[in-house]
Amino acid sequence: MAEARAELRKLDPVWDRITREAKEVIADEPLLGGLIGACVLHHKTLEKALSYRIAAKLSSNEMSMVLLREIADEAYADSPDLAEAARADISAILERDPACHRMLQPVLYFKGYQAMQAYRLSHYLWTHGRKDLAYFIQMRCSEVYGIDIHPGARIGKGIMIDHAHSIVIGETAVVGDNVSMLHSVTLGGTGKEDEDRHPKIEDGVLIGAGAKVLGNIRVGHCSRIAAGSVVLKDLPPNVTVAGVPAKIVGEAGCDTPSVEMDQTLEDCLKKQV
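By the count of our numbering, the sequence shown reaches residue 1032 at its end, each step adding exactly one.
Source of the hints: derived by calculation from the structure; they are not laboratory data.
Note that this is a predicted model, so its numbers are computed, not measured.
Glycine included, C-beta positions come from ideal geometry on N, C-alpha and C.
Mixed in with the good hints there might be a few duds.
[As the list claims (entries may be wrong)] Here are the computed lysine-lysine pairs in the DSS-like style, where the Cα-Cα straight-line distance is at most 27 Å:
#1 K916 to K959
#2 K890 to K870
#3 K870 to K959
#4 K782 to K803
#5 K870 to K951
#6 K769 to K951
#7 K807 to K782
#8 K782 to K870
#9 K803 to K816
#10 K916 to K890
#11 K959 to K992
#12 K1006 to K992
#13 K890 to K769
#14 K890 to K951
#15 K992 to K951
#16 K769 to K807
#17 K816 to K890
#18 K816 to K916
[What the hints assert, rightly or not] Label pairs and their in silico Cβ distance ranges:
#19 E952 to G792: 48 to 58 Å
#20 G905 to A986: 36 to 46 Å
#21 E1019 to R779: 24 to 34 Å
#22 D993 to K951: 19 to 29 Å
#23 E902 to P772: 49 to 59 Å
Based on the provided sequences and hints, a complete structural model is requested.
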């Protein structure tokens, strides 16, 4: 198994493309040579580059960059799933975000991507019994990126968080694969209850800007939640909901809402008339 993974690391089209794009950017804008060299070209793998980027962004007087980088390196070496998810997240952003034209962009500039990889590190630490260190990374992500994801939350692969300001995801939340959400989304509780208290978002869901999904409820796969909605009850698969409180206003409109990123409700409203 270890030999097979080593061979796969040699064949890494995502990293190959990122390094190629990095060289192209330096050719066009030499002033970025120092940044791109430090973040990309000085590293042999995406894992090493992400360790550096996470450590550089989250280090402080309380925790050195060297120490954070060692922690991240150990996590990537121990858990290949972290790197697999990182590649899936990059591919998702490139596919779904019209503002993303290079795989290099999320690594260098997109705080939603960077915060998601930092969350993944904190979740690794959480599940390996290092909860205080996980809390530290959560705190720094909130301070640096304006994103607050509890390290106990379980989040799948292929996640795209667009704009990524004021995202809040609670401790017992579960997010499936290939989910897209915009800024100011909350996956929260409804009060001070303990135990399992946060939403369960199934695969392929699209959550619009400012939407709040509250309580231990389930959002069915490939559904759409319109911007500004407040969801308080379970939702079936393949529907569109809108309003405060949210109500079903139609079908999802396509097989993969999180990929199509169509947030308009025009077709749903026409069917209601």
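Hint-by-hint comparison with the structure:
1. With a CA separation close to 15 Å, the supplied pair K916 and K959 stays within the 27 Å bound.
2. Of the pairs offered as hints, the one joining K890 and K870 holds, with about 23 Å between alpha carbons and a cut-off of 27 Å not exceeded.
3. Pair hint K870 plus K959 holds up; C-alpha atoms about 24 Å apart against a cutoff of 27 Å.
4. Between K782 and K803 the CA atoms are separated by roughly 14 Å; this keeps the pair inside 27 Å, and the hint holds.
5. A distance of roughly 30 Å separates the Cα atoms of K870 and K951; the hinted pair therefore is violated under the 27 Å criterion.
6. With a CA separation close to 49 Å, the supplied pair K769 and K951 exceeds the 27 Å bound.
7. Distance check on the hinted pair: K807 and K782 sit about 18 Å apart at the alpha-carbon level, within 27 Å; holds.
8. A C-alpha spacing of about 22 Å is found between K782 and K870, which places the hinted pair at or below 27 Å, so the restraint holds.
9. With a C-alpha separation of about 20 Å, the suggested pair K803 and K816 falls inside the 27 Å cut-off, and the hint holds.
10. With a C-alpha separation of about 22 Å, the suggested pair K916 and K890 falls inside the 27 Å cut-off, and the hint holds.
11. Between K959 and K992 the CA atoms are separated by roughly 11 Å; this keeps the pair inside 27 Å, and the hint holds.
12. Taken as a hint, the K1006 and K992 pair is honoured in the structure, with Cα atoms around 9 Å apart against an allowance of 27 Å.
13. With a C-alpha separation of about 33 Å, the suggested pair K890 and K769 falls outside the 27 Å cut-off, and the hint is violated.
14. Pair hint K890 plus K951 holds up; C-alpha atoms about 21 Å apart against a cutoff of 27 Å.
15. A hinted pair counts as satisfied when its Cα atoms are at most 27 Å apart, and K992 with K951 qualifies at roughly 18 Å.
16. Restraint check for K769 and K807: satisfied, since their Cα atoms lie roughly 14 Å apart, inside the 27 Å limit.
17. Only pairs whose Cα atoms come within 27 Å are accepted, and K816 paired with K890 is accepted, the gap being roughly 20 Å.
18. Restraint check for K816 and K916: satisfied, since their Cα atoms lie roughly 22 Å apart, inside the 27 Å limit.
19. E952 and G792 have their C-beta atoms about 53 Å apart, which keeps the hinted 48 to 58 Å range intact.
20. A hinted range of 36 to 46 Å for the beta carbons of G905 and A986 is inconsistent with their spacing of about 19 Å.
21. Distance hint check: the CB atoms of E1019 and R779 are about 29 Å apart, consistent with the given range 24 to 34 Å.
22. Here the CB-CB span from D993 to K951 is close to 22 Å, well matched to the stated 19 to 29 Å.
23. Separation of E902 from P772 is about 34 Å and departs from the stated range, judged on CB atoms against 49 to 59 Å.
When each numbered hint is compared with the structure, violations occur for hints 5, 6, 13, 20, 23.
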